[in-house]
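*Asks:* Sequence:
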Amino acid sequence: MFREGVVRIVAQTGKSVAEVARDLGINETTLANWVSRARRAGTAPAGERDEMERLRGEMPSSTATPSWFWPAALRTP
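Positions 910 to 986 (our numbering) are the ones given, in order, by the sequence shown.
Hints are computed from structural coordinates only; laboratory data are not their basis.
Any given hint could turn out to be false.
Said to hold, decoys possible - Cβ-Cβ distance ranges computed for the label pairs, FRET-style: (1) GLY951 to PHE911: 25 to 31 Å; (2) ARG917 to GLU962: 16 to 22 Å; (3) ASN936 to GLY966: 30 to 36 Å; (4) GLY966 to THR939: 31 to 37 Å.
Since this is a predicted model, take the numbers as computed values, not measurements.
Beta carbons: idealized from backbone N, C-alpha and C, even for Gly.
Please build the complete structure, drawing on both the sequences and the hints.
*Replies:* Printed below as a string of structure tokens:
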């Protein structure tokens, strides 16, 4: 119960793992492991899952090669 609450604090407050660990007196590595396990298990809080889905949806457009990458001679008009 405590772990889930702490993981929820990390996800909902936007604070870094280091900040939350320091605030609560928890080892940073331990908290990072808890957060990582929650993400892998799919038990991350709903807000975080929604954000991850949104970012996954944006990935194809963000991985496209920008037009400035190609030399002008190779660009088609």
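*Asks:* Which of the listed hints are broken here?
*Replies:* Number 1 - this is the single hint that the structure violates.
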